[in-house]
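Hey, can you work out the whole structure from these sequences and the hints?
Chains A and B are the protein sequences, given in the same order.
If you count the first sequence from 1, position 216 lands on 216 in my numbering, and the numbers rise without skipping.
If you count the second sequence from 1, position 118 lands on 118 in my numbering, and the numbers rise without skipping.
Hints listed in this document are in silico derivations from the structure and should not be mistaken for laboratory results.
Ideal placement from N, C-alpha and C gives every residue a C-beta, glycine not left out.
A couple of the hints might just be wrong.
Sample of chain B residues at the chain A side, in silico, Cβ under 8 Å [as the list claims (entries may be wrong)]:
id : residue
1  : A33
2  : W58
3  : Q69
4  : P81
Now the in silico label distances, taken between C-beta atoms and shown as ranges [claimed, not checked]:
id : chain 1 : residue 1 : chain 2 : residue 2 : range
5  : B       : T122      : A       : V89       : 47 to 55 Å
6  : B       : K118      : A       : D254      : 29 to 37 Å
7  : A       : R174      : B       : K118      : 56 to 64 Å
8  : A       : F189      : B       : G68       : 43 to 51 Å
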Amino acid sequence: MSDTIGRFRLTRSAAAVAGAALIAAALGHARPALHAQPVGRPAATPDLEGTWDGTRRAHPINGPTIPWARSVPEGTMLPDGTLAGKNYVSNFPELNERALAFQKIFDEPLSPKYDCQPSTPPALEFDPFFMEVVQWPDRVLLRYEKDDQLRTVWLDGRQPSAHDYGIQGFSTGRYEGNALLVETSMYVFDVTGFDDYNGIPSSQQKKIKERYWRDGEQLKATVTVEDPMFLRRPASYTMRWLAAPKGYKLKPFDCDPEAARLSVQFIPPRYK
Amino acid sequence: MSVGLRSAAAAALLAAGWFAAAAPLAAHHSAAAAYDETKHVEAQGTVARVLVRNPHSWVFLESTDDKGQKIEWQIEMGGAPSMAWAKDGLPIGAVVKVAGHPSRAPGTHGITGATFAKADGTPIGPRAGRGETPQP
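This is the structure we're talking about:
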């Protein structure tokens with residue numbers, strides 16, 4: 001008796017499993033297979049992950065001469081945390097005539113930051129806030145506290161199409177030795193796209209190359225900007241971040257348009 | 001409640017040690033377009049509103065000018081993370097003194113690089129006496 005019941009149960013269980021398999025197979029044909037999102041840094045790649053402190057603790061605050069400087073007094077802290085030597089070499093960009101003409105007519109209220117338009121490279125990296133690096137097998141996510149920006153660096157070989165213009169451009173990357181190399185193009189024209197101090201715009205031909213690497217407990221990056229519309233040759237700076245305090249979570253920036261534009265009234269108008 | 005908009009020399013003398021302790025601001029952001037960092041201004045007024053925001057916070061003081069006309073001082077401060085002290089330090093209705101760099105456009109009443117003090121001169125804020133550098 002009990003043996004019969006046991007066999008009956010076994011038969012019902014087998015039928016249920018078979019039925020479930022058939023349903024699963026049918027569903028598999030009916031819609032695309034779902035794949036779990038790959039998570040985690042692949043082995044044998046440099047570990048850049050974490051939350052990084054780019055505030056004044058890590059480097060001097062940005063300004064008209066930082067990080068782009070024609071000269072720096074000996075002993076001054078440089079953006080990468082080292083001290084300037086006697087023979088500092090200017091990294092200020094060599095502007096072409098078009099850029100110089102733009103600088104001449106530049107009117108500060110034009111700056112889109114007064115309407116909360118986000119900062120972009122090569123300025124975004126140096127803004128004195130925290131940032132987070134997340135490394136997945138097919139991409140690296142660069143998340144910035146400043147302006148709540150997220151940049152995705154694709155590692156899977158994809159290339160931008162003509163539809164990929166955007167405020168943060170389109171980034172691809174690869175690992176080389178101990179470093180992550182990132183190349184970004186497809187930027188939209190930005191009237192203050194070089195930085196927000198010097199009245200230098202950037203064009204849709206702007207290209208940013210970044211090299212990120214660990215230097216002990218620091219994260220370092222060399223940021224190079226090319227823009228043949230405005231620069232005679234590429235310009236670059238090297239900077240550092242320090243490890244963020246343990247448990248630090250990026251805070252929302254929530255740029256407020258009222259607070260952002262208020263100071264424009266204090267700028268004497270250049271044009272009517 | 002009184003307002004003083006003085007020359008740099010007069011302001012430095014009137015504000016005595018409190019003001020003398022203010023560190024010069026490095027050229028920062030595009031502040032130089034909106035504020036004259038070679039000049040100093042001091043004022044006194046009643047805290048009417050405090051906007052703790054990004055990219056910059058603002059403190060609004062109700063005051064009067066030399067002719068007794070009602071004016072509002074608009075004081076540009078750092079971003080939200082640097083303003084935690086303001087809730088207790090600058091309560092609405094409090095009478096405070098402020099010193100900093102004046103706005104450039106004629107007829108405006110803006111200040112940046114500000115230091116605050118109570119009416120009796122007691123410094124207010126974690127960076128009291130050293131100026132408040134706005135974050136970009």
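Now for the hints, and whether the structure bears them out:
1. A33: holds (4 Å)
2. W58: Holds. Min distance 6 Å.
3. Q69: violated (18 Å)
4. P81: holds (7 Å)
5. B:T122 / A:V89: 47 to 55 Å: holds (49 Å)
6. B:K118 / A:D254: 29 to 37 Å: Holds, since K118 of chain B and D254 of chain A (Cβ atoms, about 31 Å apart) stay within the stated range.
7. A:R174 / B:K118: 56 to 64 Å: Holds, since R174 of chain A and K118 of chain B (Cβ atoms, about 58 Å apart) stay within the stated range.
8. A:F189 / B:G68: 43 to 51 Å: holds (50 Å)
Hint compliance for this structure: hint 3 alone is broken.
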